[in-house]
Amino acid sequence: MRGRPPKVSRALPSVLKRIGSTPLIELKKIPDSKGARVFAKIEQLNPGGSVKDRIALNMILDAEKRGLISKGSTIIEPTSGNTGIGLAMVGAVLGYKVIIVLSESMSHERRSILANYGADVILSASDQGMYGSVVKANEIISENPNFFMPQQFNNQANPEVHRNYTVREIIRDMGPRKVDAFVAGVGTGGTITGVGDVLKSINDSTKIIAVEPETCAVLSGKKPGSHRIQGIGAGFVPNVLNLDLIDEINMVSDQDAYDFSKVLSKEEGILAGISSGASVCAAISVASRMSREENVVVMLPDSAERYYSLEPYFG
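Numbering (the numbering used here), first residue to last: 1 to 315.
There may be inaccurate statements among the hints.
To be verified - Simulated restraints on C-beta separations:
hint, residue 1, residue 2, range
1, Met174, Asn154, 27 to 35 angstroms
2, Ile202, Tyr308, 34 to 42 angstroms
3, Arg177, Glu143, 48 to 56 angstroms
4, Arg66, Asp120, 21 to 29 angstroms
5, Gln255, Ser14, 36 to 44 angstroms
Said to hold, decoys possible - Lysine-lysine pairs mimicking DSS-like chemistry, simulated, CA-CA at most 30 angstroms apart:
hint, residue 1, residue 2
6, Lys178, Lys34
7, Lys65, Lys97
8, Lys97, Lys17
9, Lys71, Lys17
10, Lys136, Lys222
11, Lys200, Lys29
12, Lys266, Lys28
13, Lys223, Lys136
Please keep in mind that the hints were generated in silico from the structure rather than gathered at the bench. Quick reminder that beta carbons are idealized off the backbone N, C-alpha and C, glycines included.
Model the full assembly from the supplied sequences, consistent with the hints where possible.
Following this line, the structure appears as structure tokens:
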């Protein structure tokens, strides 16, 4: 099984060829020695620094194949940051202008990275969360109908890349070991839908565990609210998310997410971001209820380096 970017009619520039085939590493210190083994997929080693490089490339290639964009087109997208960074990186390589609509509450590091890739950044009100970014992006595209919006929350090229590549990397790297549970934070829902779909088709008993912020637990039937776990918890149920695949939803507090991010660095040597901390918090809880013969795979979307400006957790 292969873990490389999708094949297209033209040769991909070298930096884009490095998207995917990220390592799967067993966590040795954090999990309970009596519970299931926990394996973490380290997505910060994608060239743009996150799991969103995968969907950024696939959405742009899909739009090219469908004739929706060509070199010189303008791409606009509302995002919490990582998808925007992925789009900006791919756009820089393939020759697209990229405009990113970002909440004011997102970290300064994310804004700086976007600017360095050449993207234009437009800020939306922080109290409106992702919804506010979506509204502002829609206002801009209504005035500029020639712009292209990938719409990561609705675009089937999002879960498709995880269905075709991410999960196959996991299966390949797990070797003879079964994946008894898969844990992922839900932002767009693309990762958990694409990976979960294939894992369930192989073994229906595999548990698919979603992670969301405790104070914005819309998947659990609660009202949307503010939180500080950047990258997950959009405040609405995305269209690409297949809720039927999900067996369990774990709610994680901001503090636990930040604490586990720090523990990953200090105990496992993995400099993981906030949503990674949230997912590992959930994965450890899930693993503690399972036997030592079972295996849990957890997605670590990005690095802590994108969040050091955030107080009081990373001060």
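Here is how each hint holds up against the structure:
Between Met174 and Asn154 the CB atoms are about 31 angstroms apart, so this pair conforms to the stated range of 27 to 35 angstroms. Under the hint 34 to 42 angstroms, the C-beta atoms of Ile202 and Tyr308, about 39 angstroms apart, fit the expected range. Evaluation of the 48 to 56 angstroms hint for Arg177 and Glu143 yields a pass: the beta carbon distance comes to about 52 angstroms. At about 24 angstroms, the CB distance of Arg66 to Asp120 agrees with the hint of 21 to 29 angstroms.
Taken as a hint, the range 36 to 44 angstroms holds for the pair Gln255 and Ser14, whose Cβ atoms sit roughly 41 angstroms apart. At most 30 angstroms may separate the alpha-carbon atoms for a hinted pair to count; Lys178 and Lys34 meet this at roughly 18 angstroms. The hinted pair formed by Lys65 and Lys97 meets the criterion: a straight-line CA distance of about 18 angstroms does not exceed 30 angstroms. With a C-alpha separation of about 21 angstroms, the suggested pairing of Lys97 with Lys17 holds against the 30 angstroms cut-off.
For the hint linking Lys71 to Lys17, the alpha-carbon distance of about 19 angstroms falls within 30 angstroms, and the restraint holds. Pair hint Lys136 plus Lys222 holds up; C-alpha atoms about 25 angstroms apart against a cutoff of 30 angstroms. Taken as a hint, the Lys200 and Lys29 pair is honoured in the structure, with Cα atoms around 29 angstroms apart against an allowance of 30 angstroms. With a C-alpha separation of about 12 angstroms, the suggested pair Lys266 and Lys28 falls inside the 30 angstroms cut-off, and the hint holds.
Between Lys223 and Lys136 the alpha-carbon distance is near 22 angstroms, which keeps this suggested pair within the 30 angstroms criterion.
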